[in-house]
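Under our numbering, the first residue of the sequence shown is numbered 17, with each subsequent residue one higher.
Hints listed in this document are in silico derivations from the structure and should not be mistaken for laboratory results.
One or more of the hints may lead you astray.
[What the hints assert, rightly or not] In silico EDC-like cross-links for lysine to aspartate or glutamate, where the CA-CA straight-line distance does not exceed 16 Å: (1) Lys103 x Asp71; (2) Lys103 x Glu59; (3) Lys338 x Asp306; (4) Lys246 x Asp214; (5) Lys35 x Glu172; (6) Lys329 x Asp306.
For clarity, every value in this text was computed on a predicted model and none was experimentally measured.
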Amino acid sequence: MGSTLIEKIIKNNTGIDAKAGDIVTVNVDRVMIHDIFIPFVAEKFEEMGFKKLWDPDKVVLIYDHLVPASQVDDTRHFRIGDEFAAKYGMKHVHHSDGICHQLMTEAGYVKPGNVVFGTDSHTTTYGSVGAFSSGIGYTEMASILGTGKLWIKVPETIRVNINGKLPENVTSKDIILTLIGDLGADGATYKSLEFAGDTVENMSVASRMTISNMAIEAGAKCGLFSPDEKTAEYCNVTLDDTMKNLYGDEDASYCRVINYNAEDFVPVMACPSQVDKIRPVSEIKEIPIDQVFIGSCTNGRLEDLHNAAAVLKGKKVAPFVKLIVTPASRKIYREAIADGTLSILSEAGAMITHPGCGLCCGRAGGILTDGERVVATNNRNFLGRMGTSKVEIYLASPITAAKCALAGKITD
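Working from the sequences, and respecting the hints, build out all of it.
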């Protein structure tokens with residue numbers, strides 16, 4: 017019997033031919049800690065009695081959720097993080113370079129076949145380049161910092177095959193939202209989502225990142241894509257035989273197989289306040305909105321900004337709508353300046369913010385109040401996520417979001 021993609025990654029890492037349900041201890045290739053959790057990780061690490069990091073070069077600390085500080089206590093996180101990094105010789109510290117999940121692949125920290133953990137649920141993003149990556153708590157992170165290892169149960173795999181050509185104005189965001197709606201918010205709990213098919217093969221790495229990022233919204237442990245030449249170029253690696261073998265075998269044991277025809281996808285939204293409450297945009301249009309947000313670790317990449325700019329070029333957003341655009345990293349920000357994208361967005365009426373998590377996690381940069389409604393390209397629309405519990409959040413692709421900004425209402 018063949019192996020699933022997650023089983024192959026774990027076998028390469030451990031040397032054990034483990035199958036779904038087996039308990040194994042993996043050797044961690046890289047970890048990511050962000051500013052919200054660093055005080056708790058640092059405290060737990062020293063409480064456990066560790067005197068040094070297992071490998072300072074494999075630890076990445078990224079300030080993104082609280083940058084720039086919007087509350088007085090935020091600076092405590094920065095101080096503790098900097099002190100911890102200096103004390104234990106950490107070299108990879110990013111103070112204002114962008115969102116953690118963008119930086120981990122963009123800066124070359126994650127490679128195909130790696131095993132990576134982070135103190136954030138959307139660490140699943142790195143599955144886009146063929147890495148097993150998942151979010152963990154600060155106690156588990158502290159133990160990895162001291163040992164370089166973590167035990168896991170090998171996940172079962174749901175295989176998702178997508179074939180055909182996507183219709184115009186349909187993106188990978190519409191694909192993952194549709195899948196989440198079909199599975200439910202807990203339909204893939206502790207499972208690996210493995211994506212395949214010619215639609216997937218034709219996707220950019222950026223589009224794959226959007227899907228892997230939101231795999232967790234169906235409860236998945238990871239969302240995996242087989243590495244290819246696009247992956248190699250993005251990660252600046254040459255695919256070796258081990259990397260080339262990172263694909264799910266046809267005769268592997270899958271707990272479920274889901275098949276989609278790309279032509280059947282339509283623009284969709286996740287409606288308030290559940291990420292699996294999916295509706296075609298055509299069924300909910302005409303609902304007035306107050307704000308549009310384009311950005312986050314889900315859809316703040318250059319491809320996403322290009323898609324929005326193509327809709328907004330030469331036009332103006334509705335006069336009563338606030339359009340906020342947040343590039344996912346400083347590199348993307350500079351690229352969008354250089355090619356004129358930010359100029360197009362700004363001329364259309366967008367407010368361009370620094371790279372970071374601010375609005376997505378409801379910290380700063382455009383939070384809303386009772387009775388307001390926002391169309392956003394991020395990954396969660398829970399009550400209170402982007403302001404008060406009486407804010408309505410609709411999740412959509414950058415194309416759909418930009419069209420809504422022009423219309424001042426939900427529109428297809």
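Are any of the numbered hints broken by this structure? If so, which, sorted upward? 6
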